[in-house]
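Take the sequence shown: its position 358, counted from the start at 1, is 385 in our numbering, and no numbers get skipped.
Be careful, since some hints might not be right.
Said to hold, decoys possible - Here are the computed distance ranges between Cβ atoms for each label pair:
#1 GLY130 to SER237: 48 to 56 Å
#2 GLU250 to GLU376: 31 to 39 Å
#3 ALA375 to THR340: 18 to 26 Å
#4 GLY130 to GLY236: 51 to 59 Å
#5 ASN269 to GLY389: 39 to 47 Å
#6 SER240 to ARG416: 31 to 39 Å
#7 GLU257 to HIS129: 19 to 27 Å
Calculated from the structure, these hints are not laboratory results. Beta carbons are placed, not taken as given, at the ideal position from N, Cα and C, and that holds for glycine.
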Amino acid sequence: MRTFGVEEELLIVDPASGEPLALADALLAGIGAAGTGTADADDAEDTDADDASAVLGPRTGLSHELKLEQIETQTRPCRSHAELLRQIRRGRTMASDAARSHGARIAALATSPVDSATHTTPDPRYAMMLERFGITAHEQLTCGFHVHTSIASPEEGVLVLDRIRDKVAVLTAISANSPYWRGLATGFESYRTQAWNRWPSSGPSAVFGSLASYRRVVRRLIETGVLLDEGMIYFDARLSRNNPTVEVRVADVCLRSEDAALIAVLVRALVETAVRESAAGIEPSSVPTALLRLASWQASNFALRNDLLDFTTFRPAPAADVVWSLVEYLEPVLAEQGELELAQTGVAEILQRGNGATEQRGIAHEYSGNDGGQPDPAALAAVVRHAVRETMPEAAPPSDTKSMPVLTWVRQDWRGADI
């Protein structure tokens, strides 16, 4: 069974007002003695789970991101859903403990409902991004959920990228958790996707066909001079630069840890299914990248509230039908890995109660009674307070440190840091 691991980006917030707080450096400095290694965005992923501690040591745990108002947790490579869920919850506990020591809280929100100034992490690479990309970088307080799944080789990884590109928009819809942006109702379920896609290399990619073609595309993108480095290859799914993994980057950070683990299970099943299809001689879909962009936009806009684009026909279909079609497509692998029932149960629960975006809008409406209009600041603060509660309800207690990720110091090697 393939190992997998995740990175979660979380907001640091004021517990009363919901305002994002620029405390990442303080949180990480406060626990710096627990680990002194640097942490690349890829470092936490994919080694054998049994050997993770010896191989990764202090290079897993917490690290900074582009903005000081957010912090990233990284799991170690895991083999099972249960192991990954424990790692996600413990990572949230560690971030929460660090935030509470400074009077703050963490919230698994993909954008900030409350308007606030943002502060870029002091870092040479981030400073260059701010200078080069202006308001896109200045406003980029977004929190994603990235899933790494092990691959046998980069060549296998490209076979995977070519065969999952037409399906990953469904994950955006399931995970959507960002209907508000800096004090405004956006009309989108995942506005993070819209904000993120302002980066020049973000979004779906074409069929590559081979590792040589993938490397050629990456090289040509860098040679344009538009991107700073390979770390800015922001495809929806890409090869990790430092570890033998495929990284899927389309999901919002999920309000609930169990939803996050479900997304990861679906991603791993997508990867394994793609490898099996390649071995069986099944060619990747030739659907144009332009259609994939529309599928991503539709998932970002409506998520589970309305039609999605069916990943087999790219025509509108009820969102629930499209989501169940994905589960059915993955059923052979999910069943073989003992994860079919938990995937079916998890999907059914999300479709019944809604995703994070549904929940956020429900809290805002309950607080203000304003259905469909712009919520007032007090209602948005209530949304954040609710998110704080839901981010942590089943997290492991601080005293439970067995197999807990090790906290890390702020990344010092900016050349290796991705966002």
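Quick rundown of the hints versus the structure:
no., hint, result
1, GLY130 to SER237: 48 to 56 Å, "53 Å, holds"
2, GLU250 to GLU376: 31 to 39 Å, "47 Å, violated"
3, ALA375 to THR340: 18 to 26 Å, "24 Å, holds"
4, GLY130 to GLY236: 51 to 59 Å, "53 Å, holds"
5, ASN269 to GLY389: 39 to 47 Å, "40 Å, holds"
6, SER240 to ARG416: 31 to 39 Å, "47 Å, violated"
7, GLU257 to HIS129: 19 to 27 Å, "34 Å, violated"
Checked against the numbered hints above, the structure breaks hints 2, 6, 7 and satisfies the rest.
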